[in-house]
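Undergrad: Read off the chains here:
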Amino acid sequence: MKYVCNICGWVYDPAEGDPDGGIAPGTAFKDIPDDWECPVCGAGKDDFEAES
Amino acid sequence: MRPVEIKDGIHWVGAVDWNCRNFHGYALSSKGTTYNAFVIDDEKKVLIDTVPAAFESQFLCSVANVTEFEKIDYIVVNHLEPDHSGCLARMVELCKPEKIFISPMGAKALKTFFDCEDWPIVVANSGDEISIGKNTLRFYETKMLHWPDNMFTFIPEAKMLISSDAFGQNWATSERFVDEVSKEKVSDLMAQYYANIVNPYSAKVIKTLDFFGELNLDIDMLCPDHGLMFRGEDVGFALAKYADYAAQKTTNKAVIVYDTMWKSTEKMANAIASGIADEGVSVRLMNVKANHHSDIMSEVFDAGAVILGSPTHNNGILPGMADVLTYVKGLRPQNKIGACFGSFGWSGECVKILRGWLETMNMEVIDPNIKTKNRPDHKSFEECYELGREIAKAVKAKNA
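Protein chains in written order, with our numbering: chain A, 29 to 80; chain B, 9 to 408.
Mixed in with the good hints, there may be bad ones.
To be verified - Facing chain B, according to a computed beta carbon distance under 8 Å, are these residues of chain A, among others:
1. Asn34
2. Ile35
3. Cys36
4. Val68
5. Cys69
6. Gly70
7. Ala71
To be verified - A few chain B residues that don't get close to chain A, going by computed Cβ distances all over 10 Å:
8. Glu13
9. Leu36
10. Ala97
11. Phe121
12. Asp136
13. Ile140
14. Glu165
15. Ser182
16. Asp187
17. Ile214
18. Asn299
19. Gln342
20. Arg363
21. Ser388
No lab work stands behind these hints, which were simulated from the structure alone. For every residue, glycine included, the Cβ atom is placed at its ideal position computed from N, Cα and C.
Could you build all of it, start to finish, from the sequences and the hints given here?
TA: Now the structure itself:
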């Protein structure tokens with residue numbers, strides 16, 4: 029499932045991951061470490077919501 | 009304006025933009041604005057922020073009035089937006105600084121604004137500090153207030169917090185401090201600025217205020233990059249205002265935003281307004297052709313209800329409404345009651361489309377959505393009036 033940053037609108041797609049942030053493609057959002065930050069705006073993981 | 013020494017050895021070197029009316033291409037700044045920047049004359053000399061490129065000559069003159077360019081050791085970049093970094097490349101060239109302090113997000117974005125491969129960048133992590141002699145500079149990241157790169161610079165010895173775009177107001181004045189002007193006017197302009205710039209990031213504002221509340225910094229001067237600065241008791245005033253704004257409190261006020269072709273929709277708007285007013289709720293009628301989207305957003309900001317009206321035009325709504333709705337939705341108003349209405353000639357999609365806009369902004373929609381063919385008759389006016397009363401009752405119940 030994709031997750032959207034509530035602050036800047038960037039979408040986390042598990043298929044793509046966030047390689048620059050150390051998150052390999054195929055990583056589910058729930059498996060991302062808690063200290064990971066949105067690559068666009070730096071928001072925390074708790075600022076994300078499941079895409080509706 | 010000439011530099012002003014606002015603290016011992018700390019000089020305001022900003023620019024006053026008396027003519028600015030179009031703020032950043034989206035908002036109105038009907039009273040102009042200022043771009044605040046600072047030079048600290050300490051053992052290490054520091055430039056904090058700059059001004060738009062259009063003000064370069066007067067900015068260079070202001071800085072030169074305080075110190076020679078070559079003597080500036082450090083440059084602090086609190087925000088990369090061009091109204092604050094417009095003279096940065098020129099200052100780097102003239103000052104040849106030993107260090108340029110910028111937030112982690114700023115360091116990432118810097119190279120997309122400037123050819124800065126040989127600049128002496130120092131990434132300032134939140135809480136990092138550096139002594140410059142009598143004073144210390146301490147940096148705090150304030151991501152998304154209102155760009156990813158924003159940071160605050162705190163000078164503990166001077167009890168001064170430079171807050172970049174947060175706490176700003178667009179007002180061109182010869183005075184530099186809030187206690188020299190009408191606080192009521194400052195308050196209005198702060199709210200307009202917040203509504204049109206900071207509102208989408210209200211969740212961040214709350215977290216930032218909590219964070220600074222826990223730090224319990226001793227601040228007796230708060231310096232935003234736009235408008236007047238706060239000192240003494242006014243610091244608390246500014247912080248309290250932001251806590252209020254971020255809480256997205258609504259008032260017993262309704263705003264009717266509408267466009268009209270042959271005045272049928274406008275007549276419906278007037279009938280709804282009468283119903284609202286007769287229930288004792290304040291109402292503003294805002295025709296989108298008479299009001300800039302920025303002024304409409306300023307009214308929507310603290311309203312309890314937003315009522316949208318448009319005739320059906322070519323199976324859609326009038327384009328002026330689409331402009332306003334695109335703008336307002338982006339600023340993420342919260343906790344609003346919504347309603348919609350409009351006239352039509354044959355197909356009548358207007359209210360369905362307007363209702364869709366209300367729903368995408370998570371507004372609590374009051375029924376019915378009133379649609380009138382060609383010309384409102386007595387029965388439609390009664391319906392509109394009753395809708396107005398129902399909206400007002402809902403607003404009062406919500407704010408009770």
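Undergrad: With reference to the structure, classify each hint as holding or not holding.
TA: Hints, one by one, checked against the model:
| no. | hint | result |
| --- | --- | --- |
| 1 | Asn34 | holds (7 Å) |
| 2 | Ile35 | holds (5 Å) |
| 3 | Cys36 | holds (7 Å) |
| 4 | Val68 | holds (7 Å) |
| 5 | Cys69 | holds (4 Å) |
| 6 | Gly70 | holds (4 Å) |
| 7 | Ala71 | holds (7 Å) |
| 8 | Glu13 | holds (35 Å) |
| 9 | Leu36 | holds (25 Å) |
| 10 | Ala97 | holds (25 Å) |
| 11 | Phe121 | holds (16 Å) |
| 12 | Asp136 | holds (16 Å) |
| 13 | Ile140 | holds (27 Å) |
| 14 | Glu165 | holds (29 Å) |
| 15 | Ser182 | holds (37 Å) |
| 16 | Asp187 | holds (34 Å) |
| 17 | Ile214 | holds (12 Å) |
| 18 | Asn299 | holds (27 Å) |
| 19 | Gln342 | holds (12 Å) |
| 20 | Arg363 | holds (18 Å) |
| 21 | Ser388 | holds (36 Å) |
Of the numbered hints given earlier, the model fails none.
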